[in-house]
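> Keeping their order, the protein sequence lines are chains A and B. Residue numbers for the first sequence follow the working numbering, beginning at -14 and rising by one. Residue numbers for the second sequence follow the working numbering, beginning at 12 and rising by one.
Do not take every clue at face value.
To be verified - Restricting the straight-line Cα-Cα distance to at most 35 Å, the calculated cross-link-like pairs of lysine-lysine (DSBU-like) are:
id, chain 1, residue 1, chain 2, residue 2
1, B, Lys49, A, Lys179
2, A, Lys179, B, Lys150
3, B, Lys49, B, Lys150
4, A, Lys179, A, Lys32
5, A, Lys179, A, Lys201
6, A, Lys43, A, Lys186
7, A, Lys17, A, Lys186
8, B, Lys150, B, Lys50
9, B, Lys70, B, Lys175
10, A, Lys186, B, Lys165
11, A, Lys186, B, Lys50
12, A, Lys179, B, Lys165
13, A, Lys179, B, Lys173
14, B, Lys175, B, Lys50
15, A, Lys207, A, Lys179
Keep in mind that the hints were calculated from the coordinates and are not lab data. All of these numbers come straight from a predicted model, not from anything done at the bench.
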Amino acid sequence: MNLVPVTYRGGIYRHDEIIDLIEDLGGYIIQKHVLAQEVVLQALLPKEDIALIAAIAKPLTGEITPSPLVGTEIAVVTMSLEIHHLPHASCDVAEYIRRFGAKTNMVGLARGFGKRIAQMNDEERDVINEHDLAVYLLGDFETCIQQKFPVLRRGIEVPIVVCAGPSRETLQRIIDPPVDGYVGNVGRFMHRTKESEELTKLDEVVEEITNVLDRKREEIAKDPPSVSPARLMDVINEQVDEIHEVLSPTPVTVQMTGLRVKLPYDTFARVLRDIPIEEGITIGEIADIVPSRMRDYILMRVRPFSETNIMV
Amino acid sequence: MESVEYFEVECPEETGGAYYSRIADVVLLDHNLIRVIKKLHIFIDPGVPIFIAVGVTRKLPGVVRLRDFAEVNATGQKIIISIGDETHLAALLQILWGRYGKEAVEQPDRFTIVLSDEGQESGDIEDLPVFDPTESIYKDLIYALMVIQPEGFKVRRQWYGKEKFYLVASEDTLPENIEDLIREKFALMGERL
């Protein structure tokens, strides 16, 4: 079954019918927001059933739009959390990506600023590596980027999209070895992005991220995970009652090949490991459950089919 | 930046310079400092790296005296101060407490202060300087320049006074000839430090 990431927007009236329908058809609700009288669902739907859901949602004034980033967790890496980079451009970019369904986490480096003095510690590196992709928001000067970027990418294993002031061509020239994506003319600025050309630039960032993630999806499809992370999320939501007491917006965050479960590792790692997914198969058999560097959360990395020989 | 007589960002990297020109514009506008600045020259060389901002301010508003925001009436052995605008009230009370002691300064209501000090002339008090806006404006200006400068330039030197100001910053130790560089930048605006 081919699942497609989408966003459903509609009224709160009878929205539970839509949720039931999605679940019955084999789709997964990744996140649900209720905003006054409106409901926004970020979901993975079976491709062939989208037309059916859209037809049923029409009388309820619900509409389905494609959201290429649903089911991904993206790190927005900003050089610091000082006024020089916040709230513009870091928050603008992080917020805009979120509109397309991604779960973004802002990683503010402790010593990411400067040219010679820029550095990254092991905690920052590990936190970034826990994501599906890292968006680096750099500054306006190519001299600085050329010198500091090798330090900031050291040890990063996830795909990187670089956003910076110089043009795309300049970035491609000065960054060696190349990264996965480049967006030029999005460097340091101090004003809110609201003009149309600025929003176009943000769209370009989303497009670049989508392209990079599509390539990653293709790679993953060659050796798919033993279970879909969205399905694993459903299993955890059903079988671990404590998850419903977590106050985070996404107690279980879905990634492309794993999950972040926002429960303390020491107490719940064993519990999660022993949860059965299907008869005779537990989560522990098909996923690595490791402590996350983010607070005391749990990180689950679903092993690929080639390792487990199990597909559920 | 139309109201600023001279505004220039000098940078070996053309694109970077253009961005910083916009950043300076936005920051000064956000901090309500555009009307304070007459001339501003910013020099950034990321290769060194160094950031130099030199400028000239317009004539700044003078010292706020007691008479500007209050009325003073001397009756017998008491002086009654009726406050019109309470913006500077806190600063005034601090000064009066320091000068006469807390026991001699009464405040029966929000807009009235009664001084029970014998032998005081009301005329002296009316000229009492309460607040000097120049100091805070220059401090705001230096703060704004620190926001404009590239982050990470932790070695800084700043100076203000006589309607002129400068801020130099770098990641490394400042070069020895920094004073000459600053003078050079002032000269570009047709000014002398």
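> Next step is simple, just say for each hint if it's right about the structure.
Going through the hints against the structure:
1. Lys49(B) <-> Lys179(A): holds (30 Å)
2. Lys179(A) <-> Lys150(B): holds (31 Å)
3. Lys49(B) <-> Lys150(B): holds (17 Å)
4. Lys179(A) <-> Lys32(A): Roughly 34 Å separates the two Cα atoms, so the pair holds.
5. Lys179(A) <-> Lys201(A): With Cα atoms ~31 Å apart, Lys179(A) and Lys201(A) stay inside 35 Å; holds.
6. Lys43(A) <-> Lys186(A): Measuring from Cα to Cα gives roughly 32 Å; hence the hint holds.
7. Lys17(A) <-> Lys186(A): holds (28 Å)
8. Lys150(B) <-> Lys50(B): Holds. Lys150(B) to Lys50(B) sits at ~17 Å (cutoff 35 Å).
9. Lys70(B) <-> Lys175(B): The given pair, whose Cα atoms are some 11 Å apart, holds under the 35 Å limit.
10. Lys186(A) <-> Lys165(B): Measuring from Cα to Cα gives roughly 31 Å; hence the hint holds.
11. Lys186(A) <-> Lys50(B): Given that 35 Å is the threshold and the Cα spacing comes to 33 Å, the pair holds.
12. Lys179(A) <-> Lys165(B): Roughly 32 Å between the alpha carbons, so the hint for Lys179(A) and Lys165(B) holds.
13. Lys179(A) <-> Lys173(B): Judged against 35 Å, a Cα distance of about 40 Å means the pair is violated.
14. Lys175(B) <-> Lys50(B): holds (9 Å)
15. Lys207(A) <-> Lys179(A): violated (41 Å)
Consistency note: the structure conflicts with the earlier hints numbered 13 and 15.
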